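Peer 1: Sequences and hints are given; from them, build the entire structure.
Heads up: the sequence lines are chains P and D, in that order. Taking our numbering, I'd label the letters of the first sequence as residues 1 to 112. Taking our numbering, I'd label the letters of the second sequence as residues 1 to 116.
Don't take each hint at face value.
What the hints assert, rightly or not - Using 30 Å as the maximum straight-line C-alpha spacing, the simulated DSS-like pairs for lysine-lysine come out as follows: (1) P:K71 to D:K42; (2) P:K38 to D:K57; (3) D:K42 to P:K38; (4) D:K42 to D:K78; (5) P:K71 to D:K57; (6) P:K38 to P:K5; (7) D:K78 to P:K38; (8) P:K54 to P:K38; (9) D:K83 to D:K42.
Said to hold, decoys possible - Cβ-Cβ distance ranges computed for the label pairs, FRET-style: (10) P:Q3 to D:S66: 22 to 28 Å; (11) D:S66 to P:P79: 45 to 51 Å; (12) P:G16 to D:E59: 44 to 50 Å; (13) P:S51 to D:L84: 37 to 43 Å; (14) P:N7 to D:S9: 31 to 37 Å; (15) P:F46 to D:T7: 32 to 38 Å; (16) D:K83 to P:M29: 30 to 36 Å.
Simulated from the structure, these hints should not be mistaken for laboratory data. Computed from a predicted structure; not experimentally measured. We treat Cβ as the ideally placed atom computed from N, Cα and C, and that holds for glycine.
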Amino acid sequence: DQQVKQNSPSLSVQEGRISILNCDYTNSMFDYFLWYKKYPAEGPTFLISISSIKDKNEDGRFTVFLNKSAKHLSLHIVPSQPGDSAVYFCAAISSNTGKLIFGQGTTLQVKP
Amino acid sequence: EPEVTQTPSHQVTQMGQEVILRCVPISNHLYFYWYRQILGQKVEFLVSFYNNEISEKSEIFDDQFSVERPDGSNFTLKIRSTKLEDSAMYFCASSNLRGRGSYEQYFGPGTRLTVT
Numbered sequence: 001d002q003q004v005k006q007n008s009p010s011l012s013v014q015e016g017r018i019s020i021l022n023c024d025y026t027n028s029m030f031d032y033f034l035w036y037k038k039y040p041a042e043g044p045t046f047l048i049s050i051s052s053i054k055d056k057n058e059d060g061r062f063t064v065f066l067n068k069s070a071k072h073l074s075l076h077i078v079p080s081q082p083g084d085s086a087v088y089f090c091a092a093i094s095s096n097t098g099k100l101i102f103g104q105g106t107t108l109q110v111k112p
Numbered sequence: 001e002p003e004v005t006q007t008p009s010h011q012v013t014q015m016g017q018e019v020i021l022r023c024v025p026i027s028n029h030l031y032f033y034w035y036r037q038i039l040g041q042k043v044e045f046l047v048s049f050y051n052n053e054i055s056e057k058s059e060i061f062d063d064q065f066s067v068e069r070p071d072g073s074n075f076t077l078k079i080r081s082t083k084l085e086d087s088a089m090y091f092c093a094s095s096n097l098r099g100r101g102s103y104e105q106y107f108g109p110g111t112r113l114t115v116t
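Peer 2: Next comes the structure, spelled out in structure tokens:
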């Protein structure tokens, strides 16, 4: 099931710089997208979401951008902090179903 | 802040045994879910539950699996006869509103199931 793909398994950035995590999807029925953060031995923690009728949603240091024509979304973290180091999952959902479809995850390392 | 809790954190069982994984969703949530993550793989949907019945299930969720909300707070996943390939992290999740612009699901810490 490759409906949601995160092609970069890992990303390393310097503290204070921008982190950009990318996600692509194939199913045009998805109408809501979410980003989750996961630390080892913990469950995914909801970060930020965006409806398909929007192209940007911002919450503090986190901004999600959606490009529907390209079926692409990205998560920007500015400025990045060492505590942001974790695995980030992109997930998508369509309104006629309750199930989240997850990407493979990207491991972000923020170096002090 | 309300959170989803799961017990046990780690369960070791022998192949063919029954296991019950327990979850306490967030108290005012109406929709409940189980997901699993096999080591090195994606988090994958198993089942969703609303109004005391299954609303959707994946092809993984075969007759060996069942879910129940035995009382007003617990939500359980039962695997009747465990197989080696059932070894995974099992996550419970809950959400409040579905649709109307609110699809966020909140996850518990997971139960690591090891089948030997």
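Peer 1: Look at each hint and say if it fits the structure.
Peer 2: Evaluated hints:
Distance hint between K71 of chain P and K42 of chain D is fulfilled; the C-alpha atoms sit about 20 Å from each other, no more than 30 Å. For a cut-off of 30 Å, the pair hint linking K38 of chain P to K57 of chain D stands: about 24 Å separates their Cα positions. Only pairs whose Cα atoms come within 30 Å are accepted, and K42 of chain D paired with K38 of chain P is accepted, the gap being roughly 12 Å. As the CA atoms of K42 of chain D and K78 of chain D are separated by approximately 21 Å, the hinted pair is consistent with the 30 Å bound.
Note on K71 of chain P and K57 of chain D: the hinted pairing holds, with a Cα-Cα distance of about 26 Å set against a maximum of 30 Å. Only pairs whose Cα atoms come within 30 Å are accepted, and K38 of chain P paired with K5 of chain P is accepted, the gap being roughly 17 Å. Restraint check for K78 of chain D and K38 of chain P: the C-alpha separation of about 25 Å stays at or below 30 Å, so the hint holds. Of the supplied pair hints, the one linking K54 of chain P and K38 of chain P holds, its CA atoms being roughly 25 Å apart against a limit of 30 Å.
The suggested pairing of K83 of chain D with K42 of chain D holds, with an alpha-carbon distance near 19 Å, which does not exceed 30 Å. For Q3 of chain P and S66 of chain D, the hinted distance range of 22 to 28 Å is satisfied, since their beta carbons lie about 27 Å from each other. The hinted range of 45 to 51 Å is satisfied by S66 of chain D and P79 of chain P, whose Cβ atoms lie roughly 47 Å apart. In this structure, G16 of chain P and E59 of chain D meet the distance hint of 44 to 50 Å, their C-beta atoms being roughly 45 Å apart.
In this structure, S51 of chain P and L84 of chain D meet the distance hint of 37 to 43 Å, their C-beta atoms being roughly 41 Å apart. About 32 Å separates the C-beta atoms of N7 of chain P and S9 of chain D, a value consistent with the hinted range of 31 to 37 Å. Against the hinted window of 32 to 38 Å, the Cβ-Cβ separation of F46 of chain P and T7 of chain D comes to about 22 Å, which falls outside the hint. In this structure the supplied range 30 to 36 Å holds for K83 of chain D paired with M29 of chain P, their Cβ-Cβ distance being about 32 Å.
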